[in-house]
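Q: Going line by line, the protein sequences match chains C and S. So for the first sequence, the working numbering puts the first residue at 1; every next one is plus one. So for the second sequence, the working numbering puts the first residue at 1; every next one is plus one.
Because the hints were derived from the structure by calculation, they are not lab data. Think of the CB as a built atom: it goes at the ideal place given N, C-alpha and C, for glycine as much as any other residue. You may find that some hints are simply not true.
Derived list of chain S stretches under chain C, where covered just means 3 residues or more per stretch with a C-beta under 8 Å from a C-beta of chain C [what the hints assert, rightly or not]:
#, segment
1, 5-13
2, 108-121
Which residues of chain C face chain S? A partial, calculated answer using Cβ under 8 Å [unchecked claim]:
#, residue
3, D138
4, I190
5, D441
6, L499
7, L508
To spell it out: a stretch of chain S is covered by chain C in this simulated footprint if at least three of its residues, at any positions, have a beta carbon under 8 Å from a beta carbon of chain C; those stretches are [to be verified]:
#, segment
8, 169-180
9, 262-271
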Amino acid sequence: MLFNSYIFIFLFFPMCITGFYLLAGHDRDVPARIWLIGFSLWFYGFFSPAYLIIMAVSILLNYLLTQFMHRTDKKTGKRAILIAGVIINLGLLGYFKYLDFTISNLNFIFKTDIPLRGILLPLGISFFTFQQIGFLADTYRGEADRVGFIDYALFVSLFPQLVAGPIVTQAEMLPQFKTIRGRKPEAEKIARGLSLFILGLSKKTLIADSLGRAVDAGYDMIPQLGGLDSFLVMVWYALQLYFDFSGYCDMARGLACMLGFELPVNFDSPYQADDITDFWHRWHRTLTRFFTAYVYIPLGGSRCGEVRTIVNILIVYLLSGLWHGAGWNYILWGALHGVAYALVRTVQRHMRRNKEAAGATEKAGAGQTPDDDGRRPAPGSIVRTALRAAGRIITFLYVSFAWIYFRAESISQGTELIRRMFTGTWKNVNYTLADKFVEIDELWYIVKFSGLPGYNFPLAHNLVMIAVTIAALVTVSVLPNADKCVRRMKPRVLNAVLLGALGLWCVLSLSEVSTFLYFNF
Amino acid sequence: MGKENKSGFKKYIIILLAAGAALALVCAVLVVVVDPFFHYHAPLEGFPYEVDNQLSQNPGMAAHMDYDSVILGSSMTVNFDTRDFAEELGLNTIKLPYSGAYPRDISNIMKIIFETHPDTDTVFLGIDVINYSSDTDQIKFPLPEYLYDDSCVNDINYVLNKDVVLNYVIKPMISPDPTDMATVYHSWWTDEYYNINYVMPNYMADYEEMIPRPSELPKDYFEEQICVNMKENILPYIEAHPDTRFVVFYPPYSILFWNDCVNQNKVEATLHEYDVISRMLLEYDNCEIFFFADEEDIITDLNNYADYTHYHPRYNSLMVQYFADGTDRVRDASDLEAHISHMREIAVGFDYDGLLDLYR
Chain C
1 MLFNSYIFIF LFFPMCITGF YLLAGHDRDV PARIWLIGFS LWFYGFFSPA
51 YLIIMAVSIL LNYLLTQFMH RTDKKTGKRA ILIAGVIINL GLLGYFKYLD
101 FTISNLNFIF KTDIPLRGIL LPLGISFFTF QQIGFLADTY RGEADRVGFI
151 DYALFVSLFP QLVAGPIVTQ AEMLPQFKTI RGRKPEAEKI ARGLSLFILG
201 LSKKTLIADS LGRAVDAGYD MIPQLGGLDS FLVMVWYALQ LYFDFSGYCD
251 MARGLACMLG FELPVNFDSP YQADDITDFW HRWHRTLTRF FTAYVYIPLG
301 GSRCGEVRTI VNILIVYLLS GLWHGAGWNY ILWGALHGVA YALVRTVQRH
351 MRRNKEAAGA TEKAGAGQTP DDDGRRPAPG SIVRTALRAA GRIITFLYVS
401 FAWIYFRAES ISQGTELIRR MFTGTWKNVN YTLADKFVEI DELWYIVKFS
451 GLPGYNFPLA HNLVMIAVTI AALVTVSVLP NADKCVRRMK PRVLNAVLLG
501 ALGLWCVLSL SEVSTFLYFN F
Chain S
1 MGKENKSGFK KYIIILLAAG AALALVCAVL VVVVDPFFHY HAPLEGFPYE
51 VDNQLSQNPG MAAHMDYDSV ILGSSMTVNF DTRDFAEELG LNTIKLPYSG
101 AYPRDISNIM KIIFETHPDT DTVFLGIDVI NYSSDTDQIK FPLPEYLYDD
151 SCVNDINYVL NKDVVLNYVI KPMISPDPTD MATVYHSWWT DEYYNINYVM
201 PNYMADYEEM IPRPSELPKD YFEEQICVNM KENILPYIEA HPDTRFVVFY
251 PPYSILFWND CVNQNKVEAT LHEYDVISRM LLEYDNCEIF FFADEEDIIT
301 DLNNYADYTH YHPRYNSLMV QYFADGTDRV RDASDLEAHI SHMREIAVGF
351 DYDGLLDLYR
């Protein structure tokens, strides 16, 4: 089931929240948890009942492994269970996600003809697999308390975070389960959660999906794209991905908040990052946290010398690429980020060391020192502000460039888009792309009433396209994100009416009239 | 302070939900009253309806409009003018085509037609033989199910739908451009597109001559599936409605269609499709067949076409005349054999290389 569906908004969630608070508020905490698990299973099984079996088996196996681990006193025994658990989890993930990729590579290398299996990837398997590996590792380290099966199943399956994260840890979720007993609906949490859900829904349905039309059109017609077209397609995809994924996470946080849970913030205005290292502190933060805790640090992190640190960073980003998708384009995307991250981090460390050696830190006055994490230059002078702005722009462009391979169906397709950026014309925009923006229903009215030239006039289409692109860029690069807006929000009547109208607008956007322009049979 | 804050947020939630619900109600009422897809009622008198979406608007038109005959088929039927049917045949006709229609698409709309208008006088059905060997449940495009079933619950997709509200309710009010129902769904090609110099370059761009030619497709290659399709999707309606006249016709594709058949070495298999379908239909007294596919003067002149199959609207008018005067009607097996033989002569004897060489 999708958050952005009628059934979720009008039936599933109202039933879920009502039943949950009725049970929890009457101190029936176990039934309340079972209620949430039941709804989570409904939510997940709605995609495909077969997925449900896979997730149930995964939960059961992992729970048993954690129980075995608790019962084993010896470190070696715990270690063996951990290794077995990681192998089982990665094996499951590997079977569903990477088997065909592996077969096609083997076929290519050994000139064999092993048939592909065409296995459908169960939704969210990457997320719940990682979450459970994290739980196993925490148990091995002695950081996770023993939990009952119901709490464990709820930890893995809780529907707001089940399909696309954020990837939560046992340390942040299990304590919240302990407070379910007697939990009553809090007006503020429901108001803020509802508002965050609506903002997330609008990011997804009104912005991301609209940009997606132009992106899809662009990738479908790469041979016809000019230089400016290709550049715009790259930028639109960067925007689409952010609004889509962060919108989903906002909805997840909003839903959890209404139920009285707090999920971690997964996106902290990532396109306001000053450099690539800053970007990864802001983009999909819970994935970065997972890789840091369970891959980077166990590999030695930054404790084993500079070269080893760089290797560790590269391993993490290559794995991150592979986690995102079974394809060489994803691995290349990961490599682009890994190389950039290692490079920027190394330069920053050297600069910091040089500064420290020169005693610059002591001499510098307040407001001129690097901030606590040493990454960002402090504001103060025009030059610094300009440098910071340049850093943001360069980071955005580099990240957008790397996203090309993330979106492309293959490395060659992505490379072709880039090639066209440097060989095609920058004098105009392909009309088909501009036209996609006027297909957005609301924009017909803007063109109609704004005094822009007539509906079918290309200039109007281009102006609308430029306006939408600039508005989206300003939103991501300057304005506070949805989470911050909701945290600062005052419960004013105007806010409520506007959010109510926005919510309705999103609901109206859930169903589109099927259209086609087909004149051959 | 805490209490005030709490009540402030309570009030906020109530206002937010109330605002959303009130606006939702306004939208839903607008859609139900105007009903641009005719899902609940016949068109309002004087409202400038825009009709341009076959998938969404055909079922409502079939259910709630006033008519005594219908035109069904693929894009081969979109250029009919229903005024011709009134003038030539005295029928009040509506067009319910589906571009690229498969037999199941036809069956889906016939189900609605006969449920709501069981006394329909005539069904004009254009048959594209090559689509009749498809799977019996194949449809060209996914249907908006909520407009085709009887469930009220999924009508939320219709009554709370931005496209419907903005494009089909408010936009016609602001900028009225009502559709002429006599020519609804007309193709966008204007007269200048019906030109050999427009048709051939587009055709040649996608044309790949098969060298060597594949081995000839067995004559009965499509027969079994065509029979299944006819029995499941078409014949039940003909049998169940003996008082309705079914006028089935084969559209006149251009010679380029037959060039494709020659190129793929399936001329006999294609001709046999016409034969199989026609013989099944000849069994029914309430069924008339018109064979326009072998109209030599039309199909060999590419200035009559906008692409390899789509002919000028004047031939739609001509077909209506023929429906009235009986030209090209297949009354029995010998008529059928004559038409198929003629078609074979044209398809096999045409100088394709002479035509293609001009545009290679």
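Q: Against the structure shown, which of the earlier numbered hints fail to hold, in ascending order?
A: Hint check: 2, 3 and 9 fail, others pass.
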